[in-house]
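Colleague: Throw the hints in and build the complete structure from the sequences for me.
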Amino acid sequence: MAKNNEIAVQQHHQSTALIERSEPEQFTMPPADIYETPEAFVVMLDMPGASKDTISVHIARERLVVRGPVTAFHKENASLLFNEIPAVGFYRAFNLGKGIDQNDVDAHFEDGVLTITLRKKEEMKPKEIHIK
Amino acid sequence: MLVRVQRYPVVGPIFEDLFSAERQIGSLFNNLLGTGGLSRAHTFPAIDHAEYENESILVAEMPGVKKEDVKISLENRFLTISGERKAQELPEGSSWVRNEVDAGEFGRSIELSHAVDADKITAEMEDGILRVVLPKPEAVRPREIRLH
Numbered sequence: 001m002a003k004n005n006e007i008a009v010q011q012h013h014q015s016t017a018l019i020e021r022s023e024p025e026q027f028t029m030p031p032a033d034i035y036e037t038p039e040a041f042v043v044m045l046d047m048p049g050a051s052k053d054t055i056s057v058h059i060a061r062e063r064l065v066v067r068g069p070v071t072a073f074h075k076e077n078a079s080l081l082f083n084e085i086p087a088v089g090f091y092r093a094f095n096l097g098k099g100i101d102q103n104d105v106d107a108h109f110e111d112g113v114l115t116i117t118l119r120k121k122e123e124m125k126p127k128e129i130h131i132k
Numbered sequence: 001m002l003v004r005v006q007r008y009p010v011v012g013p014i015f016e017d018l019f020s021a022e023r024q025i026g027s028l029f030n031n032l033l034g035t036g037g038l039s040r041a042h043t044f045p046a047i048d049h050a051e052y053e054n055e056s057i058l059v060a061e062m063p064g065v066k067k068e069d070v071k072i073s074l075e076n077r078f079l080t081i082s083g084e085r086k087a088q089e090l091p092e093g094s095s096w097v098r099n100e101v102d103a104g105e106f107g108r109s110i111e112l113s114h115a116v117d118a119d120k121i122t123a124e125m126e127d128g129i130l131r132v133v134l135p136k137p138e139a140v141r142p143r144e145i146r147l148h
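These protein sequences, in sequence, are chains A and B.
The opening position of the first sequence corresponds to residue 1 in this note's numbering, with each subsequent residue numbered one higher.
The opening position of the second sequence corresponds to residue 1 in this note's numbering, with each subsequent residue numbered one higher.
Just so you know, not all the hints are guaranteed correct.
Pairs of lysine to any residue residues, derived as SDA-like cross-links and limited to a Cα-Cα distance of at most 25 angstroms, are as follows [said to hold, decoys possible]:
(1) B:K67 / A:K132
(2) B:K66 / A:T71
(3) B:K66 / A:T117
(4) A:K98 / A:Q11
(5) B:K120 / B:K86
(6) B:K71 / A:H74
(7) B:K120 / A:A78
Residues from chain B that keep clear of chain A, each with C-beta distances beyond 12 angstroms, as calculated [as the list claims (entries may be wrong)]:
(8) K67
(9) I72
(10) S73
(11) E105
(12) I121
(13) P137
(14) A139
Simulated from the structure, these hints should not be mistaken for lab results.
For each residue, glycine too, the CB sits at the ideal point set by N, CA and C.
Modeller: Below you can see the structure in the form of structure tokens.
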């Protein structure tokens with residue numbers, strides 16, 4: 001994956017208050033695809049029009065919070081013939097539950113899709129048990 | 001033509017959305033008060049089309065679509081955008097926790113409200129947004145008429 005698409009994941013260990021207080025007034029919820037591999041969970045969110053410079057990914061106390069502000073597409077004097085795209089940013093939050101290693105999360109943004117990889121704690125990974 | 005492949009979400013015990021049933025009711029009321037989560041268009045791609053003096057600009061949301069999988073054509077005054085959003089392939093040994101994103105072929109046509117100088121149309125894709133600039137021919141641009 002191209003290095004310049006990567007987004008820094010901000011970890012907060014003490015409290016979720018910081019990220020909870022700042023739910024935006026207006027937002028849309030990006031649809032999510034989430035799949036589980038033996039080692040990790042991969043979250044993909046559709047956030048067209050957001051940019052890697054303004055997207056923020058916060059993780060705190062088993063909670064994942066994603067924000068993606070968007071900039072206006074049109075000049076003020078535009079007369080809009082179709083207007084289906086809400087001019088508000090993206091916001092979505094998930095409870096992760098236990099089992100995610102919060103220090104081993106990475107994110108990247110490509111073609112309007114934010115992909116976050118959350119690796120499992122060692123004890124959550126499946127283990128094969130050999131029968132003697 | 002609009003073909004969509006609908007896949008159904010499977011909700012697992014983890015990745016509980018903070019917008020659970022209870023919160024959805026809350027945000028619904030918030031919506032009525034003008035705040036909270038807005039719903040997004042269900043047509044793919046969702047578009048904005050803005051007209052200016054000398055051109056119009058079409059913006060289409062195309063997350064997860066590669067530039068090479070999009071076709072734009074103009075016939076008379078009908079602008080057609082078609083293409084395919086490839087489905088996310090599940091790596092071996094993986095399973096879905098949630099699957100809310102649609103994939104498949106899409107296509108949309110809109111009738112333009114003005115004549116277009118077809119040779120000067122430009123289109124670009126960035127961050128999942130397609131932007132098409134449709135210049136008006138010189139002849140139809142507004143101009144001031146001076147009184148003699």
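Colleague: What are the numbers of the hints the structure violates, in ascending order?
Modeller: Numbers 1, 5 and 8 - these are the hints that the structure violates, sorted from lowest upward.
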